[in-house]
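Trainee: Each chain is listed here by its residues.
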Amino acid sequence: MRSTTLVIIPAYNEAATIGQVIKNIKRWCDADILVVNDGSTDGTSAAAREEKVAVIDLPCNLGIGGAMQTGYRYACQHGYEFAVQVDADGQHDPRFIEDLIHPLRAGKVDMVIGSRYIENRNYRGTLARRAGSWFFTFLLKLFTGQAIYDTTSGFRAINRQVLAEFARHYPPDYPEVEVIMQLLRRGYHIKEIPVVMYPRKGGHSSITMLKSVYYMFKVSLAMVIDCLR
Amino acid sequence: MIFSLIFLLVVTEFVRKGTLSEQHSLFWFVFALTMLLMAANTRLLEFLSRLLHIYYAPSVLFLFGFLLITIYSFHLTIIVSRQSEKLLKLTQEIALLKNKIEEQADKTVKSK
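Listed in order, the protein sequences are those of chains R and G.
Just remember that the working numbering sits 18 ahead of the position in the first sequence, which is counted from 1.
Just remember that the working numbering sits 520 ahead of the position in the second sequence, which is counted from 1.
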């Protein structure tokens, strides 16, 4: 029988870890799994297909936002109630997937973010990273009056209303923070729950020093512009 | 002036070969002809410079060229933004359709 929940895994050159990530998810929950292969040049697609999950191959690289939106549109078309985003590099612990969906089922909230920072679990990261994170939390608080602590977390679950919203509009690059802003300003409810995250198990982070400067500016600008809409 | 003439020929050649579409060549034709006219006609240039209170007449040429190119490159970035948006939607649509076809194929194999 088909599940009401779809786990979406955006993957770009993650052949080394994707198989294990899928196995782990299957062990902890019985949701359907979709891998969105974002134009990988390695065996990511084959490795995912080996695990007998649905795979969408994008003909060229769209970036994380474009890939996730593809997954959200798939979820919409197939009538799923809830969608969960899980990274392909093993940073997200699938034990928490059920915890993420639980508040959505209760119907009080529209999006649940798996947060590294509340309840002070052992994830810390570099100083620059925490400063950036603090900055976005500050901006969101300024613009929407709500405090979201782990704004850049990609470990998140959404319900059907937000799915429809994302199928229409989703920022193509660095979507995490912008999307929170977009939802809060439209009156959706967001909740954070504490999760544990691990250092990535393989592959490389796409964020370099120069890119993170661009990241800060681009996201801040997008937030200001969202206010003007 | 010589530059404007050569430029005019280059634009014509590219349109003839089909590398540059007629639609976009229109701007460059008008641009090249205006520059040609202004470079060739010193009295027109001097008249314009007096009108704009510019002491050095040829700098009217530079000002004009610079403004036009700024506006046009802004126009082009708008086109690029619009096109990348369309490309994104197209890529997603193709990937989703491909997946649908695969699903259908799986179903028919299983039912046989």
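Worth flagging that the hints you see were computed from the coordinates, not collected in a lab.
Don't take each hint at face value.
As the list claims (entries may be wrong) - The calculated lysine-lysine pairs, modelled on DSS-like cross-linking and capped at a C-alpha distance of 27 Å, are:
| hint | chain 1 | residue 1 | chain 2 | residue 2 |
| --- | --- | --- | --- | --- |
| 1 | G | LYS620 | R | LYS70 |
| 2 | G | LYS606 | R | LYS70 |
| 3 | R | LYS44 | G | LYS606 |
| 4 | G | LYS618 | R | LYS236 |
| 5 | G | LYS620 | R | LYS236 |
| 6 | G | LYS606 | G | LYS618 |
| 7 | R | LYS126 | R | LYS159 |
| 8 | R | LYS159 | R | LYS70 |
| 9 | R | LYS236 | R | LYS159 |
| 10 | R | LYS70 | G | LYS618 |
| 11 | R | LYS70 | R | LYS44 |
| 12 | G | LYS606 | R | LYS41 |
| 13 | G | LYS627 | R | LYS126 |
| 14 | R | LYS229 | R | LYS44 |
Since we're looking at a predicted model, the values are computed, not measured.
Trainee: Each hint needs a verdict: does it hold in this structure or not?
Mentor: Results of checking the hints against the structure:
1. G:LYS620 <-> R:LYS70: holds (16 Å)
2. G:LYS606 <-> R:LYS70: violated (32 Å)
3. R:LYS44 <-> G:LYS606: violated (36 Å)
4. G:LYS618 <-> R:LYS236: violated (33 Å)
5. G:LYS620 <-> R:LYS236: violated (35 Å)
6. G:LYS606 <-> G:LYS618: Given that 27 Å is the threshold and the Cα spacing comes to 18 Å, the pair holds.
7. R:LYS126 <-> R:LYS159: holds (21 Å)
8. R:LYS159 <-> R:LYS70: violated (43 Å)
9. R:LYS236 <-> R:LYS159: Roughly 18 Å between the alpha carbons, so the hint for LYS236 (chain R) and LYS159 (chain R) holds.
10. R:LYS70 <-> G:LYS618: holds (17 Å)
11. R:LYS70 <-> R:LYS44: holds (11 Å)
12. G:LYS606 <-> R:LYS41: violated (36 Å)
13. G:LYS627 <-> R:LYS126: At roughly 38 Å apart (the allowed maximum being 27 Å), LYS126 (chain R) and LYS627 (chain G) break the hint.
14. R:LYS229 <-> R:LYS44: Not satisfied, since the Cα-Cα distance of roughly 34 Å exceeds 27 Å.
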